[in-house]
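K.L.:
Residues per chain, in single letters:
Number of protein chains: 2
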Amino acid sequence: METRIYFEVELPPANEALLIAELEALEVVLSVTEVQSLQKIYGKRIIIMGGGAQVGQVALGAISEADRHNIRGEHISVDTIPLVGEQALAAAVRACNRLARVRALVLAGSLMGGDIEAAVKEVRAAGLLVISLNMAGSVPDASDLVVTDPVQAGVMAVMAVADTAKFTIDRLHRRVF
Amino acid sequence: METRIYFEVELPPANEALLIAELEALEVVLSVTEVQSLQKIYGKRIIIMGGGAQVGQVALGAISEADRHNIRGEHISVDTIPLVGEQALAAAVRACNRLARVRALVLAGSLMGGDIEAAVKEVRAAGLLVISLNMAGSVPDASDLVVTDPVQAGVMAVMAVADTAKFTIDRLHRRVF
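So the sequences go chain by chain: U and G.
Position 4, counted from 1, in the first sequence is what the numbering used here calls 49; the numbers after and before it change by one each time, with no gaps.
Position 158, counted from 1, in the second sequence is what the numbering used here calls 203; the numbers after and before it change by one each time, with no gaps.
Because identical chains cannot be distinguished in the list, a pair is counted as satisfied if it fits within a single copy or across any two copies.
Result set (SDA-like, lysine to any residue): computed pairs, CA atoms no more than 20 Å apart in a straight line:
id	residue 1	residue 2
1	LYS85	VAL129
2	LYS85	LEU144
3	LYS211	VAL221
4	LYS85	GLN132
5	LYS85	ALA136
6	LYS89	GLU119
7	LYS85	ASP160
8	LYS85	ALA135
I should point out that these hints are in silico values taken from the structure, not numbers from a laboratory.
Next comes chain U alone, as it looks inside the complex:
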């Protein structure tokens, strides 16, 4: 059985050819291909999850705003999953920590609390930016930023992670919009 392994690793430039030659020399290796990193092609990721109607509106805002930054050389992807249910959403929030290149999470729904709130606190403690729509339940209070308009929530998520934008959540005087 043949298996393909994809990995990204940072090396001093002169060592690339050496690593490839040594990998090719291994008996278990059939071939080695050097490719552009996914970080370079797809870049930073915004994850949007929750109810379909609202996830769609947040995505519209985020994609429009990402377009404006990507045209200027940024690389921002907008990834979404419409999901229902406390356990499914809590698991998806927690799994953000295992996804590569994730920079911000937007929770888009009308009611979220319980274990989702606990999951939000965990991923925030691990360094993830969490934006919540203004909704029922305890998730808004557990988030970095609360935004009422879903399109604006998407735009703000992209502004917060874009190097091409001047927007720093730490410098905001209020956290509810």
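Following the hints, complete the assembly by docking chain G onto the known chain U.
P.N.:
Only chain G this time, still in chain U's reference frame:
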């Protein structure tokens, strides 16, 4: 320096505890945690790329449709990147082969050809379903399916990969809508 490695592997059920015990016994391993697979949490992925205005509309359709299937137990994510330029888009199309869990690609723009067409043929040959908006350039002719309305393109992409849907592209009598 500590490094975290995440991997997904299929094993006969009885062997899980044994693998974890053997990994924990390794001197280089500090800790081992068993988690739900990303396949189980985020499931199949639809990738949408191209111009922001159109990517947003395709995403709206795909997210609404994925919501309907995920409520019935499917797990479908809708991932997007607004991108401009032949080389950037061709690289992003080719990199779909290196992304995990991707089942369909939607190209959403007004003009795509050249190396993007070559990239579409490569990923189709590797088994990926490619849907193109009806647009200028050679990409529509190189795709599995051409759809004029962006919302419908998103809906059809999700229908094509959902086990909860009855929609088989191979059985369509026409490929342009």
